[in-house]
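Number of protein chains: 2
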Amino acid sequence: MIDLTRVLAGPYCTMMLADLGARVIKVEMPGIGDDARHIGPFISNADGLPSSGYFFSINRSKESIALSLKDAADRAIFERLLLDADVLAENFTPGTMDRFGYGWEALSSRFPRLVLASISGFGQTGPYRELPAYDMVVQAMGGVMSLTGEEGGPPTRVGVSIGDIAAGTHAVIGVQAALIERARTGRGKHVDISMLDTQISLLENALVRYQVEQVVPGPIGSRHPSITPFGVFKSKVGHLIIAAGNDRKFRDLCDVLQMRDVKADPRFLSNSSRCEHHRALAARIEEALATRTAEEWLPILTQAGIPCGPMNDIAGVLRDPQLNARDMFVSLEAPGGMVLKTAACPIRFAGEQFANYRPAPELDADRNALLQELGLV
Amino acid sequence: MIDLTRVLAGPYCTMMLADLGARVIKVEMPGIGDDARHIGPFISNADGLPSSGYFFSINRSKESIALSLKDAADRAIFERLLLDADVLAENFTPGTMDRFGYGWEALSSRFPRLVLASISGFGQTGPYRELPAYDMVVQAMGGVMSLTGEEGGPPTRVGVSIGDIAAGTHAVIGVQAALIERARTGRGKHVDISMLDTQISLLENALVRYQVEQVVPGPIGSRHPSITPFGVFKSKVGHLIIAAGNDRKFRDLCDVLQMRDVKADPRFLSNSSRCEHHRALAARIEEALATRTAEEWLPILTQAGIPCGPMNDIAGVLRDPQLNARDMFVSLEAPGGMVLKTAACPIRFAGEQFANYRPAPELDADRNALLQELGLV
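Chains as they are written, first to last, in UniProt numbering: chain A, 1 to 377; chain B, 1 to 377.
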């Protein structure tokens, strides 16, 4: 596939397709490249120049060629690349591809088997189609922020760019669906993914809850809305998750935390009553947890049969035994020799190894090989 | 495809496949059905009995048959269904399918073209494989919570079940990839999706940032870490997003908010200095915004060329003009006659209409039609 995408949603989509076996040729602006090459954190390359660790983390296993879509000779190379391609991906503001002369009508008449994947902030249609795409804006407009944060507190941004990433994964689904249908029809399609649209499909039960209960849902904090105790609790050092989903687990929890009075307290006898008095119960649980660290508590709670889990920070994530057993981190050598771990592809097929991860390319790194392959030099 | 999944991650995956054109036959436990049928909010069905709006929102366009995988006659029907199926989806705890006699080895030897999609909390391998899957636990273990929340505050759950939903979308990708490869090889695959794994692939730049900067990233609040002002601001009524990404936009913002002294303040002259003094600047901006509601400010800011957007709550989402122009809400009649809007499929193909959304089925609703179709009655 040919990849005109920049920054995050598009490159994330094409990286996943590369992970799944696609050959991805990244077409970048001469001299500048993907904007993500200019976003930190930076590492020093072999020449001591800054090289983007951010770019490195979302462009593995791709090839790079620098072409200007405004230059006639470069356009000829670009069109030669399209001749062999199954998919073209782009995440310009809608209308930009038309101005390049590569709108869907023009492309599909010349390359009828080509699938065009377009990712934008608001989609190819509708009144906001030409507005710029910002992750935070679509998180805010899509309602996810209105549900995230402390109960009664302000709306809160999800701490990862879920606006971009959800769009990227849904674009992968759209491309695959178009390829599956092309096998039958022989014709490509224009996949139109809007970052805002994909936020709506993450809302899960909130839409229906609002319509049935006629109450606008607000931030729900870090506890289960209808099971108590089930949520995040603070220990002597660090937080942990305790998920005592029924009366028996709750009584077991009281035993292991030596909270005899809590176990007998009429406010805490049933789940519905515990939900009503969740603040008082959380205070007592955190008082008991204050004697040990989260790391010390987890084996004790697990031993007692209480569902629980660590609150991993990023350092903890990288150490996590399950994630390491699943080979969820790929170590790749970045420009300058630093070895960086990035998230592996989470799509696994039993009995198969992913072994074809290659580091992200330097700008224009594959020009000569590609031109030779096309017979253009 | 045949669908044994329950509650959220699995049904979300199979709903998306149904939206894309797959025929999905939901096999449910007799008398009980999908656990989601017992999760609120509830509406009254035609008999005045409670019917789950939650189930309704994630099971559209599927058929339902009740079969016990422990009953010989029902197993024969189930296996007859598998004979014609491309895909079987399940989200039991790993090991459960083996106990039913339907582990991957057994299935693939009898149905070599079948794709088995398994979704679990921690995957089919690794030390935690048999632990139960809870959205909050994988959100905590996967690191997303450690990045979400107010700066300096506690880790915060993302207000939607991103643990389940990310697993569901990645399962769709895995199923499609397996079907594309099957067209070449003639053989199915076992797709193994772990909710925890998919959390890692959402972490975006956090993994690399930590490794390069050697500082464990914490909650980053609702503002851009390196552009100011860019984030959520409070108005007289409601919050809004302002994304003044450069010096010129910042000066324009000062003009429209009539903050002459802020515009001249040396602390706010450059973006890096604005980032350093972001709290002081936010206080001044919110002081200025306090004179009008978010709804009043948005057209004024837009007119002045300041990138901005509404902080939609769920009611605002349902009213949003762009989302309505994109037909992002599907109105379907729930049991009892209430019409509920659910999120439409966000995967669009230019020039095509999705028109085949059907309401979620009642338990066992399609038994007779299915048995007739199979020649079993």
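Simulated from the structure, these hints should not be mistaken for laboratory data.
It should be emphasised that the depicted structure is a prediction, and the values quoted were computed from it without experimental measurement.
From the three backbone atoms N, C-alpha and C, an ideal C-beta is built for every residue, glycine too.
Take the hints with a grain of salt, since some may be wrong.
Label-pair restraints from in silico Cβ distances [said to hold, decoys possible]: (1) A:Asp98 <-> B:Asn324: 51 to 59 Å; (2) B:Thr291 <-> A:Glu213: 16 to 24 Å; (3) B:Arg358 <-> A:Gln303: 42 to 50 Å; (4) A:Glu130 <-> B:Ser331: 40 to 48 Å; (5) B:Arg292 <-> A:Lys263: 30 to 38 Å; (6) A:Phe42 <-> B:Arg80: 43 to 51 Å; (7) A:Val215 <-> B:Pro50: 17 to 25 Å; (8) A:Glu362 <-> B:Asp327: 21 to 29 Å.
Here are the simulated lysine-lysine pairs, DSS-like style, with alpha carbons at most 30 Å apart [as the list claims (entries may be wrong)]: (9) A:Lys249 <-> B:Lys70; (10) A:Lys70 <-> B:Lys249; (11) B:Lys236 <-> B:Lys263.
**Request:** Please test the hint of 51 to 59 Å on the beta carbon pair from Asp98 of chain A and Asn324 of chain B.
**Result:** 25 Å, violated
**Request:** Just tell me: holds or violated, for the beta carbon distance of Val215 of chain A and Pro50 of chain B against 17 to 25 Å?
**Result:** The hint (17 to 25 Å, Cβ to Cβ) holds, given that Val215 of chain A and Pro50 of chain B are roughly 18 Å apart.
**Prompt:** Do Arg292 of chain B and Lys263 of chain A keep their Cβ atoms within the hinted range of 30 to 38 Å?
**Reply:** 53 Å, violated
**Prompt:** Taking 40 to 48 Å as the hint, is the beta-carbon distance of Glu130 of chain A and Ser331 of chain B inside that range?
**Reply:** 28 Å, violated
**Prompt:** Can the suggested window of 16 to 24 Å be confirmed for the beta-carbon pair Thr291 of chain B and Glu213 of chain A?
**Reply:** The hinted range 16 to 24 Å is violated for Thr291 of chain B and Glu213 of chain A, with Cβ atoms some 34 Å apart.
**Prompt:** Does Lys249 of chain A pair with Lys70 of chain B here, judged by a C-alpha cut-off of 30 Å?
**Reply:** 28 Å, holds
**Item:** Pairwise hint evaluation, Lys263 of chain B against Lys236 of chain B, where the allowed Cα distance is 30 Å at most
**Value:** 22 Å, holds
**Item:** Range hint 43 to 51 Å (beta carbons of Phe42 of chain A and Arg80 of chain B) holds or violated
**Value:** 60 Å, violated
**Prompt:** Does the Cβ pair Glu362 of chain A, Asp327 of chain B satisfy 21 to 29 Å?
**Reply:** 43 Å, violated
**Asked** CB of Arg358 of chain B to CB of Gln303 of chain A, is that within 42 to 50 Å?
**Response** At roughly 48 Å between Cβ atoms, Gln303 of chain A and Arg358 of chain B fall inside 42 to 50 Å, so the hint holds.
**Request:** Would you check the hint for Lys70 of chain A and Lys249 of chain B, treating anything up to 30 Å between C-alpha atoms as holding?
**Result:** 28 Å, holds
In this structure, the hints that do not hold are numbers 1, 2, 4, 5, 6 and 8, in rising order.
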